[in-house]
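Enquirer: Chain order of the listed sequences is A and B. According to my numbering, the stretch in the first sequence is residues 1 to 128, in order. According to my numbering, the stretch in the second sequence is residues 129 to 343, in order.
Careful, some of the hints might be misleading.
With a cut-off of at most 25 Å between alpha-carbon atoms, the simulated DSS-like pairs for lysine-lysine come out as follows [what the hints assert, rightly or not]:
hint	chain 1	residue 1	chain 2	residue 2
1	A	K123	A	K111
2	B	K228	A	K111
3	B	K230	A	K73
4	B	K228	A	K113
5	B	K230	A	K108
6	B	K167	B	K148
7	A	K111	B	K230
8	B	K228	A	K108
9	A	K53	A	K85
10	B	K230	A	K85
11	B	K228	A	K73
12	A	K126	A	K53
13	A	K73	A	K62
14	B	K230	A	K113
15	B	K276	B	K323
16	A	K111	A	K62
17	A	K47	A	K108
18	B	K140	B	K228
19	A	K126	A	K47
20	A	K43	A	K111
Note that these hints are calculated values from the structure, not bench results.
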Amino acid sequence: MKKVTKQSEKLRTFTNPAGFIELHFSGSQNEDTVMRGIADIQKYAQKRQQQHKDVLILVNLKELTTTDLGSHKAAVYGMRTLRYKRAAFYGPVHTQVLLNTLSIISGKQNKLKVFENRVEAVKWLKRR
Amino acid sequence: MQLQIIAEIFKKGRVKHLPKGQVVIYEGDPTTNIYFIQKGFVKVYNIFNSGDERIIFIYGPGDVFPLTSYLSGSGVVRYFYECMSEVELYVLGSEELRVKIKNNFEAGEALVDYSNIIQNQFMERIDNLSINDARRKIIALLSFLIDKVGKPSAMAQLDINLTQQDIANMCAITRETASAQILRLKREGVILGSKHMIINTIKLNSLLSKLGITV
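Bound conformation, chain A alone (with noise of 0.2 Å):
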């Protein structure tokens, strides 16, 4: 059985079959826990930049709970350095504001937006 670990319950990474790369970020976040999402990133994106496939990356924060500025600085390092198309962040208005304002800070604001609710965000991701 495959053992979860105390990582895996804060992040998990995956390419949606819509062909966006999909993070969900649970429970307190630092600055580790966020480059390792970074890491995972990069990874998926390589694989769709092979394929000549845009980069849409999904990230889930209806679950974060806590974060730190060391997750606040690692998150405007993954938003300046990560190579994608768009990003779409979901979650509740504390969080709205939050990646909104590490967007700001990041100077990447055309390329990241922040939703309410996932429909919104997928609706964002896909538009031509």
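Dock chain B against the given chain A, drawing on the hints supplied.
Expert: The following block gives chain B in isolation, referenced to the frame of chain A:
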């Protein structure tokens, strides 16, 4: 420290003086400008289909609005914002503020932390509006008013003149009910003064504790 950082960001903005009663932002307006209150008080309210006004919050000196609407990226203001007194504001356009936050972690973190504090206070106010007891609502409101529009002390005077209709609108009760409850609290020595309310915080805290009201 946070508040200092926020004040520094906004004090480079344009100054605007508005009279009492001026609506600063209408519900549904885009978040074109963000405002820092230097002096005065601004009420936040919505209007029901019946035309009744429901005051949800009051912003005072040092407060910024409509920050959550701006920072969340929604781009649309959810409430009406109206001056309760003469108000002096510093104004930054949404693009100007974006430029100040870009590459500036200190500014971004300060604004997010402040937004979280205000959101929690908003939630508390909305919870208090759903209490099914006029007396408990008013007592909870008095505690909020001391923090936002008063000077905390044993006999806390509010810096703003509130009518019974204002109190009623802040508690989702009729003016008549608000009037009766205020009279009762005056008889109990919790509320003194007429034009600018003075609140006996020792008696108020005792009531808060006795009634199990957390604020």
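Enquirer: Is the Cα-Cα distance between K140(B) and K228(B) 25 Å or less?
Expert: 10 Å, holds
Enquirer: Just to be careful, I want the Cα atoms of K228(B) and K108(A) compared with a cutoff of 25 Å; is the pair within it?
Expert: Between K228(B) and K108(A) the Cα gap is close to 15 Å, so the pair holds against 25 Å.
Enquirer: Next pair to validate is K111(A) with K62(A); report whether the Cα-Cα distance is within 25 Å.
Expert: 21 Å, holds
Enquirer: With the threshold set at 25 Å, check whether the alpha-carbon distance from K43(A) to K111(A) stays at or below it.
Expert: OK: K43(A) and K111(A) at ~20 Å, within 25 Å.
Enquirer: For the pair supplied as a hint, K230(B) and K108(A), is the alpha-carbon distance within the 25 Å limit?
Expert: 9 Å, holds
Enquirer: Tell me if the straight-line CA distance from K230(B) to K113(A) falls inside 25 Å.
Expert: 16 Å, holds
Enquirer: For the pair we were handed, K230(B) and K73(A), check the Cα-Cα distance against 25 Å.
Expert: Holds. K230(B) to K73(A) sits at ~13 Å (cutoff 25 Å).
Enquirer: Mind checking the alpha carbons of K53(A) and K85(A) for me, to see if they're no more than 25 Å apart?
Expert: 10 Å, holds
Enquirer: Holds or violated: K126(A) and K47(A), Cα atoms, limit 25 Å.
Expert: Since the Cα atoms of K126(A) and K47(A) sit roughly 19 Å apart, the hinted pair holds (cutoff 25 Å).
Enquirer: Between K228(B) and K73(A), is the straight-line Cα distance small enough, at 25 Å or below?
Expert: 17 Å, holds
Enquirer: Against the 25 Å threshold, does the CA-CA distance of K123(A) and K111(A) hold or violate the hint?
Expert: 14 Å, holds
Enquirer: Does the structure keep K276(B) and K323(B) at a Cα separation of 25 Å or less?
Expert: 17 Å, holds
Checked against the numbered hints given earlier, the structure satisfies every one of them.
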